[in-house]
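Trainee: So you can see what is in the structure, the chains are spelled out below.
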Amino acid sequence: MNETIATDRTKRNADNLELSGKGGLEARDLHAWFGTHHALADVSLHFPERTVTGLIGPSGCGKSTFLRLLNRMHEFIPKSAMAGEVLFNGDDIYAPGVNPTEIRKRIGMVFQKPNPFPAMTIGENVLAGVKLAKIKVENKDDLMEESLTRAGLWKEVRDRLNAAGGSLSGGQQQRLCIARALAMKPEALLLDEPCSALDPISTLRVEETIVQLSETMTIVIVTHNMQQAARVSDYCAFFLSNGGPGRLVEADLTNNIFNNPRDSRTADYVQGRFG
Amino acid sequence: MNFTLASEFESVPHAEPRQPWKNTKLTILRSVFSFTVAAVLAALIAQVTPLAGRLGWFVAMAFTFPAVMAVVAYKRGSRAMADQMVTGIVLIGFTSVMIPWVSIVATVISRGLKAFYVGFLTTDMLVNQPDDPLNMGGVSHAIVGTLIQVLLASVVAVPLGIIAAIYIVEIRGRGAGVVRFFTQAMSGVPSIVAGLFVYATVVVTITHKFNAVAGALALAILMLPTVARTAEEVLKVVSDDLRASSQALGASQVATTFRVVLPTIRSGLITAAVLGVARVAGETAPLLLTSQYFVKFNTNIFDGPMASLPTYIFSSLGVGTDNSVARAWAASAVLLTLIFILFTIARLFGGRNRKSH
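Line by line, the protein sequences are chains A and B.
Under our numbering, the first sequence has 59 at position 59, and the numbering climbs by one with no breaks.
Under our numbering, the second sequence has 41 at position 41, and the numbering climbs by one with no breaks.
Excised from the complex, chain B in its bound form (with noise of 0.2 Å):
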């Protein structure tokens, strides 16, 4: 008795999906509506009370926005009126934390741009002087500094990081608190410590000169304890069912680890580099003390200072004329969209998991 169901099906009445629990017109148009009329009620407040200026209309708005919120939700009873004023406070509260965050990205944008010329990315300081008219010099050995110095450093701390964690999660090895308590501490460690330490350890006593490996050795400081935390919780929220599952397929734990845990969270992983990698690319400090500054082009890794975005930025600045102020806002601008860049080939190439979909 074998049956071929498809046949025994009626075609499938036509239904129009709906997703009756999200937010309808009605409801987006209550807030807009709110919010009119709570602007409306803070321009009057900031007009007769000590409040002044946008800054004060911001401030009267934060408590007329999640009133009239509330007030409008009136009819619908208490609960939905507690629901309208939390919206309201958490849209206020959305508000003021991306307020200093565009604000910052804005500036160093608009002032960068007033020092931005192709050339700029492609010309180092050679010949040129930080007071130099707009049109000359640039940061391309400073871009190529950071970038060797911060790779170098991923290279070092990423593995040893990553490594820590499997100790301490997946091995549960006798040393395994005594490993977290110091990855802990090492998190605290001041940025120019860890320079100071490698210019003692590094510089002073073998290399005798200011070198970009030493650079990269300080920054590996202090993003090793920031990616050895990030891998150890994501490591943690594998289930121990598939741990049991590989090494009950005849599975070494070395296997396991490597074959099974460690690609189930790749996305984590590179969130954990990503982490370091945003912990140590703006650092100046380390920096000053082991590769220093160079006004020109340099890929010698182990041989001479070496610039970097953050200490051309701090040199720029310490001239202190127009120009050369100007220089240090566009170098700033670089950095940050070259950190934007690198974070989203990152999340391009490794965000998602490969076989889940």
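So here's chain A without its partners, still in its complex pose (with noise of 0.2 Å):
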């Protein structure tokens, strides 16, 4: 009954996902409460430098909760509280006196919806972190271009510049979103579904984008496409919920989770058959 699924990036031979402490992000113990109710609960899990691990799971699992926690977007929502620690290169982020928007520059993040500033033009769009961040660049033109390139755009979008990013297409949209997280230069890259709102064309070039990124930094996605978590994903870890608060169901090598998975509800999800 086990057919095989192909996964594409099986011949990484990433480390094991032990915790190590070196190197990535983790988490460690993580929890998630919105006022009482308890959202998420007791997720360790370590993301190795220069790797993609996506994550899965239904609807209302905490997976969205829980890359929030990474880059402390969490805290935004009123009444919300944490606990756990999580670790950038060792030191926790959620640490006395660390400052959060130092945090969110070096951990970049794409949401589900393409969400260019209504009032920039694309190139503005591209450069609007460093410049509401007030960091100096000494070529702007170059981090445009190196950015938009990244992100698959350039040879799109280089005439027109000057255009209203509203004016893209959705999945343009969505790589102006990456682009303008690229141009701060991330250490990570957290999506939240990014391609959920895309044609195939468009979701197939930013997974093209998103596995050229990983050679060069950490890269989480939450998505619901099992076939893209295959493709792109060097790890994958499978939240469910229970009804109480979400957990991590299991987190391996994406080969493994698909193919051999060691929890039969991995094996019932990633197979479509609940969730």
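Derived by calculation from the structure, the hints in this document are not laboratory data.
All figures in this text were calculated on a predicted structure; none of them were measured in a lab.
Take these hints with a grain of salt, some might be off.
The list that follows gives simulated cross-link-like pairs (lysine to aspartate or glutamate, EDC-like), each with its CA atoms no further than 16 Å apart [to be verified]: (1) A/Lys-155 to A/Glu-145; (2) B/Lys-22 to A/Glu-75; (3) A/Lys-185 to A/Asp-252; (4) A/Lys-113 to B/Asp-132; (5) B/Lys-114 to B/Asp-322; (6) B/Lys-209 to B/Glu-233; (7) A/Lys-79 to B/Asp-241; (8) A/Lys-155 to A/Glu-138.
Two independent chains are provided; combine them into the complex using the hints.
Mentor: Structure, rendered in structure tokens:
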């Protein structure tokens, strides 16, 4: 019954997922609350440097909450609380005295719905982070071109950098948002269902971009698309909620999650039997 | 292959929720320390410079407090210093805005209490003179008059204002621009002009008498632009997806507007009405020309002048004796309290959108 699902990236010989404490992003015993509602419980997970990890699981299992804990976006929700630690290159980002805006500069984020700033042109959108955070850049044009190239958008927009960001197609807008995140030169990138609003061709382009980017940074991607998780990720983590807080069921090499999962619930989910 | 998930999760290990992004006791202690140091410094400065008295101390404090806050943060880098300095400036700004507000309320209440006794709320001035001892007479007629006139004005202005906003935002009719322009222009009409207008068109030509309906109409003219503008801004916030979703279910525009859009912004519309009431509850000038002032309890809205709290205050002040001025203060306190109660009721009964939690 275990029909083999082809995963593209099994050739990558990544380390195992055990907590190592060095490099990358690491969650330790992480919990999240919204008011008294316990949304996520007891997640320990390591994202090694220069890898892509897919977070999969049914809606409402805490994947997005978990993602937002990784770059201190969780605290924008009133009455939210957390427990545990998030280590970034070995340092706890929730330690006292840590500046959250500094963390968000280093850990970029791309959201589900493409959201270029409507009052800015394409070019201004790419440099928005640099401008908003008042970072000095020697050559803004170079940074713009580099970011757009890495996001796979440069060729399509180089002649219309002064057009409004909203004039692009949905897929282009999403890659513009990725370029905007890349212009900050983040060390890690968090993607929250970045392709759910895109057509298959745009999705493919974004996935190519993700694979390229993983050569230089740590990437965590939330996705509902099993094929996408199989195509882009080195590791997969499966979250599930049984009505209580979301829990991490299993995390492993993507190939193992899809073809040889240890937990029967993971097997059911990736083969589309529930969830 | 069916699974019962519940049994397969181990129990959740205990963890204590924390909010590392909130101010710690240490930062609060630091602020208290900075405040103390800055207060002492400011007192010293007030001693040696022309700045004198409490006001001088406060002006000095406006400089020393942000400065001390910044110095205390010195060890934690320039960003923390800037952060603390701005925190200090904001706190000083907050205080300087609160001082006049608290002072107004405190003055009105404390002076008002002198002329206040329980009967003040239940008797009118029919058999009393403004200069009579302070344990006689009262403002019941003025309270009822204000309530009647403000309520009548709301009955006219709130639906009209909301309809105007619906016309501008939902219907987007051909005249939307004109309507918006005139509502905006109306908000600049001086209140006495509104009073004169109603005096000329209603009191002189139709009723030939001062009456409460005329007063309410004058108030409605003032209330309308506030309600319309606020309601328009609230309506604009509703996302077009919501309208489209309703219309895609086959709902008419009327049904969409009244069953989907307006319930969504219920609390915003109540805010619009509350702002409108706030705009007119203390108006005096338009009422002097329309419902005038009368010493006796009058609930006939079509016939004869009707008292209101602002006109009561105005006429008592006009008498100018100690007792009548004290009555004016007490009436002011009653007016403030009345408005506060009205707003509280509006918030309690309609502030929250019912279906959210």
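Trainee: Which hints, by number, does the structure contradict?
Mentor: The structure breaks hints 3, 4, 6, 7, 8; every other hint is satisfied.
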